[in-house]
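Enquirer: Assemble the complex: chain A is given as a structure, and chain B with the ligands must be docked to it using the hints.
Protein chains: 2
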Amino acid sequence: MMNHSTYHEERFSAIFYICSYLVFIFSLSLLIPIALCVFYQEKDITAFLITFAITFSIGSFGKLRKRSADIRLRGRDGFLVVVIFWVLFSLMSAMPFLLDQHLHFSVADAIFEGISGITTTGASVISHVDGTAKAILYYRAQLNFLGGLGIIVLATAVFNSLGIGGSKVYLSETPGPLKEDKLTPKLADTAKHLWLIYVVLAILCASSFYLAGMNVFDAICHSLSTVALGGFSTHSASLGYYHSDAIELVGGVFSLLAGVNFALYFIAVNRRSLKAILQDAEFRFYISVALCVALFTICSLYFTGTYDFSQAFVHGFFQSASMMTDNGLMTNDINKWPTYVMILLLASSFFGGCVGSTCGGIKVIRFLILYKRSELELKQLINPRAVYLLKLGNTRVSERVTNSVYGLFFIYLLFAGLFMWIMLALGYDLKSAFGTVAACMNNMGIGYGVTISTFGTLSDSAKWVMSAAMLFGRLEIFPILIVFSRSFWRP
Amino acid sequence: MMNHSTYHEERFSAIFYICSYLVFIFSLSLLIPIALCVFYQEKDITAFLITFAITFSIGSFGKLRKRSADIRLRGRDGFLVVVIFWVLFSLMSAMPFLLDQHLHFSVADAIFEGISGITTTGASVISHVDGTAKAILYYRAQLNFLGGLGIIVLATAVFNSLGIGGSKVYLSETPGPLKEDKLTPKLADTAKHLWLIYVVLAILCASSFYLAGMNVFDAICHSLSTVALGGFSTHSASLGYYHSDAIELVGGVFSLLAGVNFALYFIAVNRRSLKAILQDAEFRFYISVALCVALFTICSLYFTGTYDFSQAFVHGFFQSASMMTDNGLMTNDINKWPTYVMILLLASSFFGGCVGSTCGGIKVIRFLILYKRSELELKQLINPRAVYLLKLGNTRVSERVTNSVYGLFFIYLLFAGLFMWIMLALGYDLKSAFGTVAACMNNMGIGYGVTISTFGTLSDSAKWVMSAAMLFGRLEIFPILIVFSRSFWRP
Ligand SMILES: [K+]
Ligand SMILES: [K+]
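Residue numbers (the working numbering), protein chains in the order written: chain A, -6 to 484; chain B, -6 to 484.
Chain A with its partners taken away, still in its complex shape (with noise of 0.2 angstroms):
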């Protein structure tokens, strides 16, 4: 048996070899908002420079450490990579955003600004968009980029390993079109094929707002904001600055795409056929639900009269797509919409989009699971002797997954309805405690009330509060929690 010394630093040591690779591959991100700065002349290199001088000096010297021949992780520790990582990650965003001169943020409005980019949640503490330097309009987009990128690692390598997460429900538990391909035996292949189609993704979302009237930088910025669903906008109206149906159609239709299942996509690659997607239990519900609260949200708009019907059928489409997949772009009066549609729009954030894509909330497969199992419930309670499966097109659902989506469901509630508490207690309304928490821990990043067109109206402590919110929603609390328990150290 190996000393029990030489193993914690052992795992000591590759948990700071695997941080450290992390840091150094973000400040090479840099290179890009420093090159705009170049390109655009803009003052806010500095910010950018001297950030990216501490993260890749610190980034290199730990690469350099001598690495263990063989790194052994128990499966547990990759929880503690994860909360380290993103804790990490939060921090280094941050930087610029409190380097920089013109901004004026405070270090609470600099970390709640990096963690809404990297959580993809998109909410932000700037009110004048607009007047921004390029080059940080640029850097948060890629923010939104690179956190739904650490999503999906996090989804196919860490979570599925550890069995956490909607994605070991779908990826190991369902058989039909997704096992027999197996996509790949080897995580990191997976990986690096989702990326793959999440790089062609926001390159067809590119060209379609190029060609709908976008300038080649705003089509960018929105296209690596929206395949991330994070919804980082380079205008303070978001897309309602263009007045284009045309864009806002294609931010909806994206959003939609952007919410389904990346592994789904691979797979109809693979095939050359679209049968995959269609079949597809979760998607299938997914695009039912959608299309319900588009339907109902077009028609309210019709009806009361807020719109003509045109306007109501493009926004009512776009902003529902955006709202429920937690994309989180925005046509800029909605403040003028009926209570009741903005909150349904801010309820369906928690039903999110599917697992595998970088949507937030409690995702569609745990809704349909929920539901399938309540219906049982009752048929159970009709034939109380009876034996009844749950089952998601031809696969048996197991106990396991069952249990552990209901868990995910009661503790996703309580801490939103925790956090929505504690807003109440510093004295904000329940409008814009519902609809800030709504926006924060789903990543979906449009709030209500106060917080509608800016979050920068929150206070400090509201900030700090919120920006924990925005990492519990995307890290889907249980690592978080996992990290902070007792039974976690024990030996």
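Be careful, since some hints might not be right.
[As the list claims (entries may be wrong)] Straight-line C-alpha distance at most 30 angstroms; calculated DSSO-like pairs for lysine-lysine:
{"#": "1", "chain 1": "B", "residue 1": "Lys268", "chain 2": "B", "residue 2": "Lys185"}
{"#": "2", "chain 1": "B", "residue 1": "Lys268", "chain 2": "A", "residue 2": "Lys384"}
{"#": "3", "chain 1": "A", "residue 1": "Lys384", "chain 2": "B", "residue 2": "Lys365"}
{"#": "4", "chain 1": "A", "residue 1": "Lys372", "chain 2": "B", "residue 2": "Lys384"}
{"#": "5", "chain 1": "A", "residue 1": "Lys365", "chain 2": "A", "residue 2": "Lys268"}
{"#": "6", "chain 1": "B", "residue 1": "Lys185", "chain 2": "B", "residue 2": "Lys36"}
{"#": "7", "chain 1": "A", "residue 1": "Lys365", "chain 2": "B", "residue 2": "Lys365"}
{"#": "8", "chain 1": "B", "residue 1": "Lys384", "chain 2": "B", "residue 2": "Lys268"}
{"#": "9", "chain 1": "A", "residue 1": "Lys384", "chain 2": "B", "residue 2": "Lys56"}
{"#": "10", "chain 1": "A", "residue 1": "Lys365", "chain 2": "B", "residue 2": "Lys384"}
In short, the hints are calculated from the structure, not lab data. It should be emphasised that the depicted structure is a prediction, and the values quoted were computed from it without experimental measurement.
Expert: Relative to the frame of chain A, chain B with the ligands by itself:
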């Protein structure tokens, strides 16, 4: 095998007989308010006499109808009986309110007040309770009491045999203190013993209120509504009318006592020892949470300067006990309390009291199971290969019970969300929608926003919707869904 149509005839005849019997019992209960009308020389006697005439004739006629020698109801017919019974009960209870000349109630008002009574909600549409006839005031308290009795019958006789609800979890699944005694073999006997405890508790409560300074009439009415956790008062200001610390303390203590599983009292009396109560897992969780909520409320009221310490203690203890257990008596100035305290108390009404009491909400044992299940979920993620079993006290909780608890939790919150959203669509603000739905669905009876002092401010449509919410909450949703499901009507 029995002839199919004969079977259906027998079934119908059996259900008809049971319902007639219940109508008959209800008609007899009207004799007390009729006597009060005579005693106090009130003109409202006509309303009660007409209701008595109608229900007595229908009840007697139905009872006289020849009953099949051998009633063979299938287990699932119980759901039908339950739903028909509560609908009938709702209609009957509303009649005196509708017929009364002084109340000027619309149909929606009368149905709301009646359902509020029988579901032990205690939300009232009467704006000037103090000016209302004594017979009516007593009748309301009696509705609470009968409704509580109805729920005990439901929980022991019907739900238990059908395997639904917490009593199943408790009475048949938990050994330890409860299983040894097994209460009594026959369900009818069990129910009788529990009623006895119910009546004794009411007598103790009435005496305490009387000793604390109430007059005899008020003491009886408040005790009937308190042991049923109904909360109808004889004054507009509820217990706030008396400005008496003693009365509020009695109200708080008896709210908590009425929220304990009555079966525990039965065992304690049988054994002449409090051990069974104090060792009960649900009771311990219930009291701990109640004390935490009370402590928090008291501290908040004190430190925000709402009251001096002794007032904060009395009002805070009384109001939190009354709201958490879904009793719903109140002090008269809760509209001045900080929002976050009120929202906490409204949220705590979802928690409720123990099963086997007359409380509303989701009930303590379900939250205990959800909490323990989430703890296990954490451990399971840390040690994926270990097998964990859920235990309450020394007993294993089966997967079926866990699933039914999760199922109810999901469906309950879904419907709570739905009802809130309908209230928003009817034009109410978020605060009023949340408070009103919490008050009605959890059978608690204290609203917020527009309904904080009376529910008479609601529109007729809102009253209908909230009447449904009270019934959905009281019957724990599933029986209603079952009776309206297709599988139920399939042979
Ligand atoms: K977002
Ligand atoms: K009540």
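Enquirer: Hint by hint, note whether the structure agrees.
Expert: Consistency of the hints with the structure:
Of the supplied pair hints, the one linking Lys268 of chain B and Lys185 of chain B holds, its CA atoms being roughly 23 angstroms apart against a limit of 30 angstroms. For the proposed pair Lys268 of chain B and Lys384 of chain A, the alpha carbon gap of about 45 angstroms is over 30 angstroms, so the pair is violated. Restraint check: the Cα-Cα separation between Lys384 of chain A and Lys365 of chain B comes to about 26 angstroms, which is no more than 30 angstroms; the hinted pair holds. For the hint pairing Lys372 of chain A with Lys384 of chain B, the CA-to-CA distance comes to about 26 angstroms; that is within 30 angstroms, so the pair holds.
The straight-line distance between the Cα atoms of Lys365 of chain A and Lys268 of chain A is roughly 23 angstroms, inside the 30 angstroms bound, and the hint therefore holds. At most 30 angstroms may separate the alpha-carbon atoms for a hinted pair to count; Lys185 of chain B and Lys36 of chain B exceed this at roughly 36 angstroms. The straight-line distance between the Cα atoms of Lys365 of chain A and Lys365 of chain B is roughly 24 angstroms, inside the 30 angstroms bound, and the hint therefore holds. Distance hint between Lys384 of chain B and Lys268 of chain B is fulfilled; the C-alpha atoms sit about 20 angstroms from each other, no more than 30 angstroms.
Restraint check for Lys384 of chain A and Lys56 of chain B: not satisfied, since their Cα atoms lie roughly 47 angstroms apart, outside the 30 angstroms limit. Simply put, Lys365 of chain A and Lys384 of chain B have alpha-carbon atoms about 26 angstroms apart, close enough for the 30 angstroms limit, and the pair holds.
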